[in-house]
Every structure is written in structure tokens, then in C-alpha cells.
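Asks: First to last, the protein sequences are chains A and B. Letter by letter, the first sequence follows residues 1 to 429 of our numbering. Letter by letter, the second sequence follows residues 1001 to 1429 of our numbering.
Worth double-checking, as some hints may not be accurate.
Okay, derived cross-link-like pairs now, SDA-like style, lysine to any residue, Cα gap no bigger than 20 Å in a straight line [unchecked claim]:
#1 B:Lys1255 / A:Ala79
#2 B:Lys1119 / A:Asp378
#3 B:Lys1119 / A:Gly163
The calculated label-pair distances, taken between Cβ atoms and stated as ranges, are [to be verified]:
#4 A:Glu16 / B:Val1351: 43 to 51 Å
#5 A:Arg233 / B:Thr1086: 23 to 31 Å
#6 B:Glu1375 / A:Thr87: 44 to 52 Å
#7 B:Arg1179 / A:Lys326: 44 to 52 Å
#8 A:Pro298 / B:Thr1089: 45 to 53 Å
Calculated from the structure, these hints are not laboratory results. Quick reminder that beta carbons are idealized off the backbone N, C-alpha and C, glycines included.
2 protein chains.
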Amino acid sequence: MLQRTLSTTLASHQDERVAIEGWIHRRRRLATITFLIVRDRSGLAQVVVSDDATRQQLDRLGEETVIRVEGTVSANAKAHGGMELTTPTITELSAPAATPPVELWRPTLAVSLPTLLDKAPVAWRHPAQQAIWRLAAASLRGFRETLDAEDFTEIQSPKLVGGSTESGATTFIVDYFGRPAYLAQSPQFYKQMMVGVFERVYEVGPVFRAEPHDTVRHLAEYVSLDVELGFIRDHRDVLRVLRDVLAGMVESIRKTAAEAAELAGARLPDVPAEFPVIHFSEALRLVGADPHEPDLAPEHERALGRWALEQHGSDFLAVEGYPAAKRPFYTHPQPDDPRWTNSFDLLFRGVELVTGGQRLHEYADYERALADRGESPDAYESYLQTFRHGMPPHGGFAIGLERWTARLVEADNIHRVTLFPRDLHRITP
Amino acid sequence: MLQRTLSTTLASHQDERVAIEGWIHRRRRLATITFLIVRDRSGLAQVVVSDDATRQQLDRLGEETVIRVEGTVSANAKAHGGMELTTPTITELSAPAATPPVELWRPTLAVSLPTLLDKAPVAWRHPAQQAIWRLAAASLRGFRETLDAEDFTEIQSPKLVGGSTESGATTFIVDYFGRPAYLAQSPQFYKQMMVGVFERVYEVGPVFRAEPHDTVRHLAEYVSLDVELGFIRDHRDVLRVLRDVLAGMVESIRKTAAEAAELAGARLPDVPAEFPVIHFSEALRLVGADPHEPDLAPEHERALGRWALEQHGSDFLAVEGYPAAKRPFYTHPQPDDPRWTNSFDLLFRGVELVTGGQRLHEYADYERALADRGESPDAYESYLQTFRHGMPPHGGFAIGLERWTARLVEADNIHRVTLFPRDLHRITP
Chain A
1 MLQRTLSTTL
11 ASHQDERVAI
21 EGWIHRRRRL
31 ATITFLIVRD
41 RSGLAQVVVS
51 DDATRQQLDR
61 LGEETVIRVE
71 GTVSANAKAH
81 GGMELTTPTI
91 TELSAPAATP
101 PVELWRPTLA
111 VSLPTLLDKA
121 PVAWRHPAQQ
131 AIWRLAAASL
141 RGFRETLDAE
151 DFTEIQSPKL
161 VGGSTESGAT
171 TFIVDYFGRP
181 AYLAQSPQFY
191 KQMMVGVFER
201 VYEVGPVFRA
211 EPHDTVRHLA
221 EYVSLDVELG
231 FIRDHRDVLR
241 VLRDVLAGMV
251 ESIRKTAAEA
261 AELAGARLPD
271 VPAEFPVIHF
281 SEALRLVGAD
291 PHEPDLAPEH
301 ERALGRWALE
311 QHGSDFLAVE
321 GYPAAKRPFY
331 THPQPDDPRW
341 TNSFDLLFRG
351 VELVTGGQRL
361 HEYADYERAL
371 ADRGESPDAY
381 ESYLQTFRHG
391 MPPHGGFAIG
401 LERWTARLVE
411 ADNIHRVTLF
421 PRDLHRITP
Chain B
1001 MLQRTLSTTL
1011 ASHQDERVAI
1021 EGWIHRRRRL
1031 ATITFLIVRD
1041 RSGLAQVVVS
1051 DDATRQQLDR
1061 LGEETVIRVE
1071 GTVSANAKAH
1081 GGMELTTPTI
1091 TELSAPAATP
1101 PVELWRPTLA
1111 VSLPTLLDKA
1121 PVAWRHPAQQ
1131 AIWRLAAASL
1141 RGFRETLDAE
1151 DFTEIQSPKL
1161 VGGSTESGAT
1171 TFIVDYFGRP
1181 AYLAQSPQFY
1191 KQMMVGVFER
1201 VYEVGPVFRA
1211 EPHDTVRHLA
1221 EYVSLDVELG
1231 FIRDHRDVLR
1241 VLRDVLAGMV
1251 ESIRKTAAEA
1261 AELAGARLPD
1271 VPAEFPVIHF
1281 SEALRLVGAD
1291 PHEPDLAPEH
1301 ERALGRWALE
1311 QHGSDFLAVE
1321 GYPAAKRPFY
1331 THPQPDDPRW
1341 TNSFDLLFRG
1351 VELVTGGQRL
1361 HEYADYERAL
1371 ADRGESPDAY
1381 ESYLQTFRHG
1391 MPPHGGFAIG
1401 LERWTARLVE
1411 ADNIHRVTLF
1421 PRDLHRITP
């Protein structure tokens, strides 16, 4: 039996007899011939069917039926890739498929988002949809390759935790053998502890937020790309690693998923050698906001994004020095003015993509920070252990994978770039 | 200020003044000098302190205090790596550390497992412990590199699911905005659906089992390495990919974590070009078990492991054909005898490491399989969608990361190789 050939490699088999395998993407029956498009993981191939028996066979095989086609590779300038299969014989690898819930052969899927999400297991077969997750996969690869090369160790921290990480309000509660446990909102505490072990760590994993909001930006579960490193001077060292990581992610897409980027309509950014940085107080001034605002509003972020593009030709802008009030207790203050912190947000095209910064590393500072917020250190016992036993100055950041791909393809709704989104109303498929 | 040098690279800086940064691993005060061992992410370095003021400074800095040492690199055949630092000046990068709960400088940590796990954030700093997770990280890298090279796409499936995947008995229940949801016991359904999209997929992620057992083999949360691929002939094609993956994992350890393998006392296997395969019925006969046994007992697996080593010189043995009764409903029967299935377990040194096989791919077969088990297809609606719309013959497998590292270092208890294990009694740290 002929070995399988992928549809995008036909050009190297001209005039040979080959076998391709895939899904019936589309059939077009004309007066004397039927055009068949077969889709496999590499792309599409055209098959020309003129034999009557085979045309009749195709008539009963709906779109999405899985088939094997043996045919002769023939040049045709009009076919995808300049080649098509002629004089084919077709073997069915699955029973005839039911009519797909969405027309996968159309260039774009013109159906509502809820329908798309309900039909995700089949709808995501559409080439432009597939491409979005190929971008995500290529990004993850670039993320890890960059950090592996810089001597980071990959960790996997537990998602079932005994206490909530950041704030109790948005934590999912699990029945853990009859007692309550929580789903980790982030690997924050674990990645810090592991700086004590490996100095430099990263993790790719799910995080869980019981967000009671139904918006285009929120997910109850998403993929977080977490990084933490020790022996830094301050948060600027963290920003430098973040720059390398994002550059590596874009580079990986260019290298391994250029076609997917095109199919998904992604606009890949140029990552500058160094991110432009602006202080939070200066950012407020620049957008004409009240100097006592504790945070940037979305319209401020958009204005700053435009400013970065005009002034620095950069899709990215780091805003540093966020006020302590809006940052978690482990955030390191700005040494010369404790109203501010050594933390940052990275804006990508005017939207917050990454949050990061330097953390406290002295036990006494944690005790004080918790006391200032009226919290007891007892709730953080196993986390605080670490700081009693020697921790270097350290910091890190977290990138939301879905937020990243949403920005790349300029999606209007984060659910559109999430494989199986979870929110207030959706827990299936 | 001098740039930081890693402790294992001192040999390339002989007679230069360098700065190292790390933890005080050990101090030994002799009559006229103090030996200081500094630990950083690369390993250990010896510092010789003869200056009185610096010796007194060290007296008040406990083990695990984080310091910076500037000193001259001097040859000393007795020191680790043949070099040591002399005439040092020491800068404190953290407050003096409290005495560690375990003596990290001892070659082995001779404390009970519960103590180790309670003190994990600090105990895992021990070089031999660190090494275990470096093995895990290197294995993951080899896993992904192998599959990336074979055209697989990485996916991230949701961990919050609307129905239980395999059997209700061991599923954790989550309060999902006032309704019940479940923690995924495996990405099985999602990876199969994604074969319809990408043909070949893999995922590394947490899985959750509410195992009410307190044993040396069970974890309530572990890291699963999942693979699924379409257009196979049968489960033997899946076994071939599994072989490549395990070979890639071992190769990655040899290439990127050879020192960790030595420190952790790992015994790396040779992965044969092809796994020896034995049929389940033949396996029962070989170990002298009742031919009607539906599964292999642990002592049978151990006996088969010894047999594979003797007969095939292999640490691995694939057992194929397990009876349908003991396999999930989506398992593909053995075409010539439906008492058996196209599934396998891979034994590694006489312990089950991997479960896998060919799955059903026709909708009608799923309906029948569920009916045979008295289950309604309604509960699996979004999963079954996939099979109505054309799915190729496919199969896959899952490797438990902790089980893999446990076997490599021959750990007596899986908790010993798990960063932060979760079980019936343990949810912290």
C-alpha cells in the first residue's frame, strides 16, 4: 500500500501516483467532472474526478467524511500549490459524515459566537480557526525555548490549594474529600518559593478566576505563562527577560507558523531591543488624568498605546511604578518613594498584556506588608517559610496566552480565541 | 560592579577577580580559616576566608543567607571543579537566614517524608532533590521536542468540565457559580476532538483524581503527558510514537540534565528501537495466572518486567489486547476477536507507566458501546458530536510525569518525586 503523502507536498511528486488522506472539505459537481477538495493537517489539495462510479461514490459522502485518495499528481496552475490529483480512487476511512453544523469550506465562518462555541469540536476544523491555535502553540514553543536558553527550569505547581492566593472573592471552591480547597488563581506563591530552589523558573498552566462578570475580556479559566527569577537588581531586569520572551514568541511564530499567521490574519509586532518605559505618574499626566487616580482606565491605556507608537514607533509600552494600593501585598516598593512600586504593566497595542514586577524578599517586609493590610501572616504560613530562610531579590511576570493571541489577531472577544472557553454561563463543550 | 559569574564556570576565570551570588550552603570554621560553600543554580563553589572581619561577618550569617562574594579564582585540586575563591569580600543580599528546618548541606536528607513535604519550599533546595525536578523538566522538553518534530500541535484543554470524563466515583466537584462542575480526570475527550482539527495533538497539564486511597502510588493531582493521533492503522502505530517519545525524553535528560541524573541517582534506560510486545492472554499464561483474570496484578507486572529484561534485554514491555471489561467505553476492540481490545499498557521495569490504545472512531460504535454499558449518549453529547462528522481511525496514550521520574530514580513513594503532592490528607504547602 502506498505511504501517505501530505497535501502540501504534492509538488515534489509530480506525475507520480500518491495517496493522500483527510477530510472531504468540499465537493463541486459540474456537468462532466466533480472537483473534490481534501483537507489534511498540512492544508488543502484538489482532486479532479471524471470517472462516473467515483462521482457517484462522492455524491453519497458528505463534507467531513474521512477518505483516502490515490491519484496521479498533475500540474495545474489554477490548483492550490500548482498541483492536483487526477484519475483518483477513493477509499472511505469513516462512515459518511453528517452535514456539518457550520460550512467549513467557506472562507470565513459567518455564524454567531455562541453557535461557534457550541459547535467548537467541529467548527474549529475551519482552517482560519485552526490557525489561531497554531499561533498559540508556536508562541508557547518560543516562550519555552527562550527561557530554556536562559537557564530557567520548568515547574508544575499544584492547582488544588489550601488557601486562596490573591483575594478570596474570585476563588472557586472544591469539595476536597469533605473539606474545602481552592483552585489556584495563579502560581504566584509557588513560583516565588521555587526561586529559592532553582533561581529561575517558568510554568505554563491553567489558572482559575471565579469572575462573576460576563464580558469580552474575562475567562473563568485561562492559560497563564508565568516567569520568576532571582538575583535581579530591580524590576527593570524582569522587563528585559520579558522583552526576550516576547521576541522569542514572535520569532517562533515567524519560523514555525508563518502560514497560520497569514490564515488567522495575525499582525505580528516588531519587538524593540528595549521596551520604552514610562512612570505611572507621568502616564497619568500624559493622558490628562487626575494625578491621584490609582489605576489606568482602558481609554488611558489606548491613548498611551497610540503615544508609544507615535513617539517610539513601538507596539509595546511598559508603565512602571503603579501605586501600592492597587498592587498585591508582595509587591516591592519603589526604593526612593514608597508611594510607588517596582511593578509594571506592559501595554501591547494599548491593552494590558502582562503584569509583573519586583517582589518583597525579606520576611520582615512581608510581616509588615500583611499587617498594613490588616491580614494575619498565619494564612500564608507555608509561603512565608521561604522568606525566613534566605531569598534573593526577585521578580517576575505573567502573560495570559489567550489575551496574547487575541491581540495578535485583533479579536473583539477573548472567547473567540479560546479553545473551550469557560465563563459565568458556559461550562461545555 | 563585577558581573555575576556562575559557580561552575570558575575554571575559565583562573586568577581573575570574580563575583558569585548564591546561598550559604555551609560554613566550616577552623582555627585560622573558615571554609564557605556557596550554592547557586549551577552548583557549589568553595570560598576560603582567612580575614578576621570577614570570618566574624560569616559567623552571624546562618546557612541559606543569600550573599554576593567577590574573590580571586585560585586553583585548588581538592575544591569542587578544581577552583576556589580566595581573599573574598562578602555582601549580604538577604537578612541573616533562620536555621533551615533540614540540614541542606548533608549529602542526603535523612528526615521522614512527612517532614520533607511540610518543609518542601526549603527542603527542595537540597541539590539531590532539585535534581529530581530537573529530570522532570528535561523529560518534558524531550517529550515536546519529539512531538513538535513529528508535526503534533500542542493544545490546552479546560480543567473545569460539565461532566465527568471516565467514572463519577473519583471526580472532584467544584462550586461553579452556584452549579456543580467537575475537575477533569483527563483530557481524553478533548484530545480526541482535537484529532478532528489537528490530526496530531499533545498536552501537558494537571489531571485530578479524588482517589480515596492513601498509598505510595496515588496522587489526587498529577501531571499528565497526553498524546493523540489520527490516521493510524491500529494501536501498534501509537506504540511506535510512544517509543519515539520515551527515547526523546531519555535523550533530552542525557543532553541537558546529565549532572542532575547523576545527583538524583537516576538509572536511565536504553529505549529499544522497538518495544517487545506480548498479548494480554499470553502474559497471563506466562505468569501462571488464571486465564480468565481481567487485569494484571502488580506481582504479575513485576514478573513480566523480569521476563522482558531476560528475554529481550529490555526495561520496557508492551502488553496489548486487554479485555474490554477493564477498558473505557471508547476503546477499540481487537478486530479478529472482540473479547480483546486494541489497547496496551507499557510496563517500565515491571510497573505500568503508560496506558494507551486505539479508540472507536465511528458514531454508531460509540452508541453501541454506551448502550452495552447501560449509559445514555446524552451525557456525552458534545464529545459524540465529533464522531458524527467524520473522524479517522485514531489512538493515543498518557504518561504520568511523576510516575516516570519515580521509576527513573527508583523512589519507593510517588510523593517523594512530586513538587507539592496532593492526597487524602495533604493540601499544603
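Asks: A:Glu16 and B:Val1351, beta-carbon distance inside 43 to 51 Å?
Replies: holds, 47 Å
Asks: Given the hint that B:Lys1119 pairs with A:Asp378, test it: the Cα-Cα distance must not exceed 20 Å.
Replies: holds, 16 Å
Asks: Does the Cβ-Cβ separation between A:Arg233 and B:Thr1086 fall within 23 to 31 Å?
Replies: Between A:Arg233 and B:Thr1086, where Cβ atoms are some 27 Å apart, the hint holds.
Asks: Has the given pair, B:Lys1119 with A:Gly163, been kept, meaning a C-alpha gap of at most 20 Å?
Replies: Status holds; Cα separation ~17 Å.
Asks: Cβ-Cβ distance between B:Arg1179 and A:Lys326: within 44 to 52 Å?
Replies: Between B:Arg1179 and A:Lys326, where Cβ atoms are some 32 Å apart, the hint is violated.
Asks: Does the Cβ pair B:Glu1375, A:Thr87 satisfy 44 to 52 Å?
Replies: Given range 44 to 52 Å: holds, Cβ gap about 46 Å.
Asks: Next pair to validate is B:Lys1255 with A:Ala79; report whether the Cα-Cα distance is within 20 Å.
Replies: violated, 45 Å
Asks: Hint says 45 to 53 Å; check whether the CB-CB distance for A:Pro298 and B:Thr1089 agrees.
Replies: About 50 Å separates the Cβ atoms of A:Pro298 and B:Thr1089, which means 45 to 53 Å holds.
The structure fails hints 1 and 7 (numbered hints given earlier, in ascending order).
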